[in-house]
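Two chains, two frames, some hints: make the complex.
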Amino acid sequence: MMFAVRTLLLLLLPTLAVATESMTSKSIIGPQNTFLADGASALMSGDYAEGVRLTEIGLRFAGSNRDRGAAHNNLCAGLMKMDQLELALEHCDTALSINPNDWHAYSNRAGVLLQMDRLEEAEEAVEKGLAIRPNSRTLLKILDVARSMRYRPQVSVVDER
Amino acid sequence: MTFPCRLAGLLLTIWLGSTFASPEVRILGSDQPPEIAPVLVASHTPEYPREAIRAEIGGLATACFTITRKGRVRDVVVVQSSNELFRKPVIKAIRKSRYTPAKHNGKPVAAQLCRTYRFSLEER
Numbered sequence: 001m002m003f004a005v006r007t008l009l010l011l012l013l014p015t016l017a018v019a020t021e022s023m024t025s026k027s028i029i030g031p032q033n034t035f036l037a038d039g040a041s042a043l044m045s046g047d048y049a050e051g052v053r054l055t056e057i058g059l060r061f062a063g064s065n066r067d068r069g070a071a072h073n074n075l076c077a078g079l080m081k082m083d084q085l086e087l088a089l090e091h092c093d094t095a096l097s098i099n100p101n102d103w104h105a106y107s108n109r110a111g112v113l114l115q116m117d118r119l120e121e122a123e124e125a126v127e128k129g130l131a132i133r134p135n136s137r138t139l140l141k142i143l144d145v146a147r148s149m150r151y152r153p154q155v156s157v158v159d160e161r
Numbered sequence: 001m002t003f004p005c006r007l008a009g010l011l012l013t014i015w016l017g018s019t020f021a022s023p024e025v026r027i028l029g030s031d032q033p034p035e036i037a038p039v040l041v042a043s044h045t046p047e048y049p050r051e052a053i054r055a056e057i058g059g060l061a062t063a064c065f066t067i068t069r070k071g072r073v074r075d076v077v078v079v080q081s082s083n084e085l086f087r088k089p090v091i092k093a094i095r096k097s098r099y100t101p102a103k104h105n106g107k108p109v110a111a112q113l114c115r116t117y118r119f120s121l122e123e124r
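Which chain is which? The protein sequence lines are Z and V, in order. Quick note on the numbering used here: the first sequence kicks off at 1 and runs consecutively. Quick note on the numbering used here: the second sequence kicks off at 1 and runs consecutively.
Excised from the complex, chain V in its bound form (with noise of 0.2 Å):
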């Protein structure tokens, strides 16, 4: 691979590094972690929308949401996607998990995460 190819990768890297970066759990209203993370204990994965398996479309998309004391997923928000068609399947699958709730203090708190989805179509 030639040099010019080679750093435009890196730049390409970096750049969807930037693009998709998620801040760090935090405590909700604060900048400072909890000292126990919520944990996921239910899971749910997003529909790959029909839409975009037609138009043969992949990407990423991520949305952060709150975490309340009693571990429900409130106020869930896609703060990035590489197309439309990932937000809704993004949000009802988040909307579905459920988590343990953050603990500071020895106390539930509420906090806010993000995740991070790859949607991708692998040839058969």
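This is chain Z alone, in the form it adopts within the complex (with noise of 0.2 Å):
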């Protein structure tokens, strides 16, 4: 069952930070951070290794609170993909510090948690973020592993006349 849900776990995408000005515009000549841009090119594409080190860099380069969010809440998908899961939870709580409305934060701390067994901290994760973004299809999936992890659903015949 653990090892059906972590897999399911896997398969989920990372939900990673709206893009912000500086990553959709690479070709706009002024101060850019094509590091976060390319960071979260490499981890849409499952580089994650390189998605972290290019975000990682872009960070330092960071001049926005958007943009500071937006590159920890990338580093927290890419940190949870690879299995760094405390550091990936500590860069979705930065994230959240930074801008406690980002859902993306909320369903990647949730992915976290759940793949860390903590049932209860994930679901409270997911139940805040769908206060934000009530039908995302990534909340609902995590919370949909998380009540799979919780309970065993059962349908039986009470009676037939």
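By construction, these hints were calculated from the structure, which means they are not laboratory data. The reader is advised that the hints may include incorrect statements.
As the list claims (entries may be wrong) - Straight line, CA to CA, 20 Å or less: simulated EDC-like cross-link-like pairs of lysine to aspartate or glutamate:
| id | chain 1 | residue 1 | chain 2 | residue 2 |
| --- | --- | --- | --- | --- |
| 1 | V | K107 | V | E35 |
| 2 | V | K88 | Z | D159 |
| 3 | V | K96 | V | D75 |
| 4 | Z | K141 | V | E56 |
| 5 | Z | K141 | V | D75 |
Small disclaimer: the values here were computed from a predicted structure and weren't measured.
This is the structure we're talking about:
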């Protein structure tokens, strides 16, 4: 059961933060943080080690809270995939301290906590995320995994007349 | 347990019993039971709705339906459900079920019967 849940968790895409201006406008002249953009691309393509490396560099040059929050969130997602759960959790928490309404960070935090078997905290993180983004598929998927870890659904016939 | 609690429990049991009580098997269009009741030969269990699991909802759902003279399931109606989410899976499961037809005076007859399902979430 736990193996199946872990496999399912690994299949869940990390929730990367919404691309910031600097992430989406690599070709625009002016102050850019292409490291964050390239890091996000690497994470999206599944190259987590490279994504984390580039994002860590980008974080050093992040000029706005938005960029810093996104960077920490993406580090959380990447490190979760690399199974560095404690460190991932720290980055998620930092992302949330920068932006407490970042549902991506709640989603990643919940994913990390599930992998750490901290079920109640994971459910709490999902619920906070859903309060911000009620129809997030990713959050609902994580909630499904959490519920399947907690419950065994049963349907039985009570009577037949 | 105190007396008021016991009384409340008893009343709840009676209420639930009456709410979900199903009528006996009877020949369609009459109150008479058939001599030989339909026998379930292919059973399908309703799927637990994902939304209900997410919201941690359990409960009961009763559906009544007709078994035709050929043993087919028809006219499935959910007569009682503690939550709307249970309706669809119950109807779907019952529609997939197969029965032997009821018999009366040696002949197959259409019969009506009801089935109650309990949806519960057991902690692992």
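Verification of the supplied hints:
{"no.": "1", "hint": "V:K107 <-> V:E35", "in the structure": "holds, 10 Å"}
{"no.": "2", "hint": "V:K88 <-> Z:D159", "in the structure": "holds, 19 Å"}
{"no.": "3", "hint": "V:K96 <-> V:D75", "in the structure": "holds, 12 Å"}
{"no.": "4", "hint": "Z:K141 <-> V:E56", "in the structure": "holds, 15 Å"}
{"no.": "5", "hint": "Z:K141 <-> V:D75", "in the structure": "violated, 35 Å"}
Checked against the numbered hints above, the structure violates only hint 5.
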